Amino acid sequence: MTHVAPSVPQHLAELYQELNASRATLLALIEAEGSGVHRRTLDQLDRMIAEIFFPLGFVVYGEKETEASDNPATATPVGYAWRVTGSDGDIRSLRCEETGQEMSISIERAIADFALVPALLPEGYIPDLDLTPGQLEEKYSQRGKDHPFLANYQWLQAVRNNQTQLGYWQWVLDQLLALHQRSLP
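Going by numbering that gives the first Met the number 0, the sequence shown opens with residue 0, and the numbers climb by one from there.
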(Lines of atoms letter the chains of each structure in order from A and count residues from 1; the text may use other names and numbers.)
(Lines give C-alpha, C1' and ligand atoms only; values in the text may rest on other atoms or scores of the structure.)
Protein backbone atom coordinates (compact mmCIF):
# COMPACT_ATOMS: atom_id res chain seq x y z
CA MET A 1 0.00 0.00 0.00
CA THR A 2 2.13 2.85 -1.24
CA HIS A 3 -0.43 5.38 -2.48
CA VAL A 4 -2.38 7.65 -0.13
CA ALA A 5 -4.40 10.46 -1.72
CA PRO A 6 -5.92 13.68 -0.40
CA SER A 7 -9.32 11.95 -0.27
CA VAL A 8 -7.96 9.78 2.55
CA PRO A 9 -8.46 11.72 5.81
CA GLN A 10 -5.21 13.22 7.10
CA HIS A 11 -5.39 11.37 10.42
CA LEU A 12 -5.77 8.03 8.60
CA ALA A 13 -2.90 8.83 6.24
CA GLU A 14 -0.68 9.68 9.22
CA LEU A 15 -1.81 6.56 11.08
CA TYR A 16 -1.07 4.42 8.04
CA GLN A 17 2.43 5.92 7.74
CA GLU A 18 3.13 5.31 11.43
CA LEU A 19 1.81 1.75 11.33
CA ASN A 20 3.77 1.00 8.18
CA ALA A 21 6.97 2.37 9.76
CA SER A 22 6.36 0.23 12.86
CA ARG A 23 5.73 -2.75 10.63
CA ALA A 24 9.04 -2.22 8.80
CA THR A 25 10.88 -1.97 12.12
CA LEU A 26 9.30 -5.18 13.41
CA LEU A 27 10.14 -7.04 10.20
CA ALA A 28 13.78 -5.93 10.53
CA LEU A 29 13.87 -7.06 14.18
CA ILE A 30 12.36 -10.43 13.29
CA GLU A 31 14.94 -10.91 10.56
CA ALA A 32 17.80 -9.90 12.85
CA GLU A 33 16.69 -11.63 16.06
CA GLY A 34 13.99 -14.10 15.07
CA SER A 35 12.11 -13.21 18.24
CA GLY A 36 8.66 -14.66 18.85
CA VAL A 37 7.73 -11.51 20.76
CA HIS A 38 8.32 -9.38 17.68
CA ARG A 39 6.33 -11.85 15.53
CA ARG A 40 3.35 -11.66 17.94
CA THR A 41 3.54 -7.86 17.93
CA LEU A 42 3.63 -7.85 14.12
CA ASP A 43 0.58 -10.14 14.03
CA GLN A 44 -1.30 -7.75 16.34
CA LEU A 45 -0.26 -4.79 14.19
CA ASP A 46 -1.43 -6.57 11.03
CA ARG A 47 -4.82 -7.26 12.65
CA MET A 48 -5.12 -3.56 13.51
CA ILE A 49 -4.25 -2.55 9.94
CA ALA A 50 -6.77 -5.08 8.63
CA GLU A 51 -9.61 -3.64 10.70
CA ILE A 52 -8.82 -0.01 9.85
CA PHE A 53 -7.79 -0.22 6.20
CA PHE A 54 -9.50 -3.39 4.95
CA PRO A 55 -13.04 -3.41 6.43
CA LEU A 56 -15.89 -5.19 4.66
CA GLY A 57 -17.09 -3.28 1.61
CA PHE A 58 -13.90 -1.23 1.29
CA VAL A 59 -12.34 -0.84 -2.18
CA VAL A 60 -8.58 -1.14 -2.71
CA TYR A 61 -6.50 -1.05 -5.89
CA GLY A 62 -4.07 -3.68 -7.14
CA GLU A 63 -0.45 -2.55 -7.30
CA LYS A 64 0.65 -5.84 -8.86
CA GLU A 65 -0.84 -8.07 -11.55
CA THR A 66 -2.96 -10.60 -9.70
CA GLU A 67 -3.31 -14.20 -10.88
CA ALA A 68 -6.11 -16.51 -9.88
CA SER A 69 -4.62 -19.49 -8.07
CA ASP A 70 -6.79 -21.91 -10.05
CA ASN A 71 -6.07 -20.30 -13.46
CA PRO A 72 -2.81 -18.32 -13.79
CA ALA A 73 -3.74 -17.36 -17.37
CA THR A 74 -6.47 -15.04 -16.07
CA ALA A 75 -4.39 -12.35 -14.42
CA THR A 76 -6.09 -9.12 -13.34
CA PRO A 77 -4.01 -6.12 -14.46
CA VAL A 78 -2.46 -3.55 -12.14
CA GLY A 79 -4.77 -0.76 -11.01
CA TYR A 80 -8.09 -2.61 -10.97
CA ALA A 81 -10.49 -2.11 -8.07
CA TRP A 82 -11.04 -4.93 -5.57
CA ARG A 83 -13.82 -4.89 -2.96
CA VAL A 84 -13.30 -6.54 0.44
CA THR A 85 -16.11 -9.11 0.54
CA GLY A 86 -15.14 -11.24 3.50
CA SER A 87 -13.10 -11.30 6.65
CA ASP A 88 -11.85 -14.26 8.66
CA GLY A 89 -9.21 -13.21 11.15
CA ASP A 90 -6.12 -12.11 9.21
CA ILE A 91 -7.55 -13.31 5.89
CA ARG A 92 -9.45 -10.97 3.57
CA SER A 93 -11.61 -12.12 0.68
CA LEU A 94 -11.42 -9.75 -2.27
CA ARG A 95 -13.46 -9.56 -5.47
CA CYS A 96 -12.31 -7.64 -8.53
CA GLU A 97 -15.18 -5.40 -9.52
CA GLU A 98 -14.36 -5.54 -13.23
CA THR A 99 -13.25 -9.13 -13.85
CA GLY A 100 -15.22 -10.95 -11.17
CA GLN A 101 -12.03 -12.69 -10.00
CA GLU A 102 -12.11 -13.60 -6.31
CA MET A 103 -9.33 -14.47 -3.92
CA SER A 104 -8.56 -14.82 -0.25
CA ILE A 105 -5.27 -13.37 0.92
CA SER A 106 -3.41 -12.68 4.14
CA ILE A 107 -3.46 -9.14 5.43
CA GLU A 108 0.33 -9.09 4.98
CA ARG A 109 -0.11 -9.71 1.25
CA ALA A 110 -2.97 -7.19 1.07
CA ILE A 111 -0.71 -4.52 2.58
CA ALA A 112 2.04 -5.29 0.08
CA ASP A 113 -0.08 -5.73 -3.06
CA PHE A 114 -2.90 -3.17 -2.74
CA ALA A 115 -3.25 0.61 -2.40
CA LEU A 116 -5.96 2.70 -0.75
CA VAL A 117 -6.29 4.91 -3.82
CA PRO A 118 -5.81 4.32 -7.54
CA ALA A 119 -2.51 5.31 -9.14
CA LEU A 120 -3.60 4.91 -12.75
CA LEU A 121 -6.71 4.40 -14.86
CA PRO A 122 -7.09 0.82 -16.10
CA GLU A 123 -7.75 0.54 -19.83
CA GLY A 124 -11.17 -0.97 -19.19
CA TYR A 125 -12.44 2.38 -17.92
CA ILE A 126 -11.10 4.58 -20.74
CA PRO A 127 -14.44 4.39 -22.65
CA ASP A 128 -16.07 6.00 -19.58
CA LEU A 129 -14.15 9.20 -20.33
CA ASP A 130 -16.45 9.85 -23.31
CA LEU A 131 -19.63 9.60 -21.23
CA THR A 132 -21.57 12.27 -19.37
CA PRO A 133 -22.29 11.86 -15.65
CA GLY A 134 -25.85 10.81 -16.54
CA GLN A 135 -24.60 8.20 -18.98
CA LEU A 136 -22.18 6.85 -16.37
CA GLU A 137 -25.03 6.48 -13.90
CA GLU A 138 -27.16 4.72 -16.48
CA LYS A 139 -24.31 2.39 -17.48
CA TYR A 140 -23.47 1.29 -13.95
CA SER A 141 -26.90 1.38 -12.29
CA GLN A 142 -27.44 -2.23 -13.40
CA ARG A 143 -24.38 -3.35 -11.39
CA GLY A 144 -25.27 -1.43 -8.25
CA LYS A 145 -25.39 2.18 -7.21
CA ASP A 146 -21.62 2.87 -7.36
CA HIS A 147 -19.07 3.00 -10.14
CA PRO A 148 -17.02 -0.21 -9.72
CA PHE A 149 -13.73 1.73 -9.66
CA LEU A 150 -14.63 4.67 -7.38
CA ALA A 151 -17.00 3.85 -4.54
CA ASN A 152 -19.58 6.23 -3.14
CA TYR A 153 -17.82 6.35 0.24
CA GLN A 154 -14.72 7.78 -1.48
CA TRP A 155 -16.81 10.63 -2.88
CA LEU A 156 -18.42 11.18 0.54
CA GLN A 157 -14.95 11.46 2.07
CA ALA A 158 -13.95 14.05 -0.55
CA VAL A 159 -17.13 16.02 0.28
CA ARG A 160 -16.41 15.81 4.02
CA ASN A 161 -12.87 17.07 3.42
CA ASN A 162 -14.20 19.99 1.33
CA GLN A 163 -12.32 18.66 -1.70
CA THR A 164 -15.38 18.67 -3.94
CA GLN A 165 -18.86 20.09 -4.23
CA LEU A 166 -19.66 18.00 -7.27
CA GLY A 167 -22.33 15.33 -7.39
CA TYR A 168 -21.17 11.74 -7.24
CA TRP A 169 -21.21 10.96 -10.98
CA GLN A 170 -19.55 14.25 -11.99
CA TRP A 171 -16.89 13.60 -9.34
CA VAL A 172 -16.36 10.09 -10.76
CA LEU A 173 -15.87 11.52 -14.24
CA ASP A 174 -13.42 14.15 -12.95
CA GLN A 175 -11.44 11.51 -11.03
CA LEU A 176 -11.28 9.24 -14.08
CA LEU A 177 -10.06 12.13 -16.23
CA ALA A 178 -7.40 13.07 -13.67
CA LEU A 179 -6.19 9.46 -13.43
CA HIS A 180 -6.09 9.22 -17.21
CA GLN A 181 -3.97 12.38 -17.42
CA ARG A 182 -1.53 10.92 -14.86
CA SER A 183 -1.39 7.66 -16.83
CA LEU A 184 -0.30 9.36 -20.04
CA PRO A 185 3.44 9.33 -20.89
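It is worth saying that the hints were derived from the structure and are not from the lab.
Warning: the hint list may mix true and false statements.
[As the list claims (entries may be wrong)] Pairwise CB distance ranges, derived in the manner of DEER restraints: (1) Glu-136 x Asn-160: 20 to 26 Å; (2) Asn-19 x Thr-98: 51 to 57 Å; (3) Ala-27 x Glu-64: 23 to 29 Å; (4) Leu-14 x Ser-86: 18 to 24 Å.
A quick note: this is a predicted structure, and the numbers were derived from the prediction, not measured.
All C-beta atoms in this analysis are idealised placements derived from N, C-alpha and C, irrespective of residue type, glycine included.
Numbers of unmet hints, in rising order: 2
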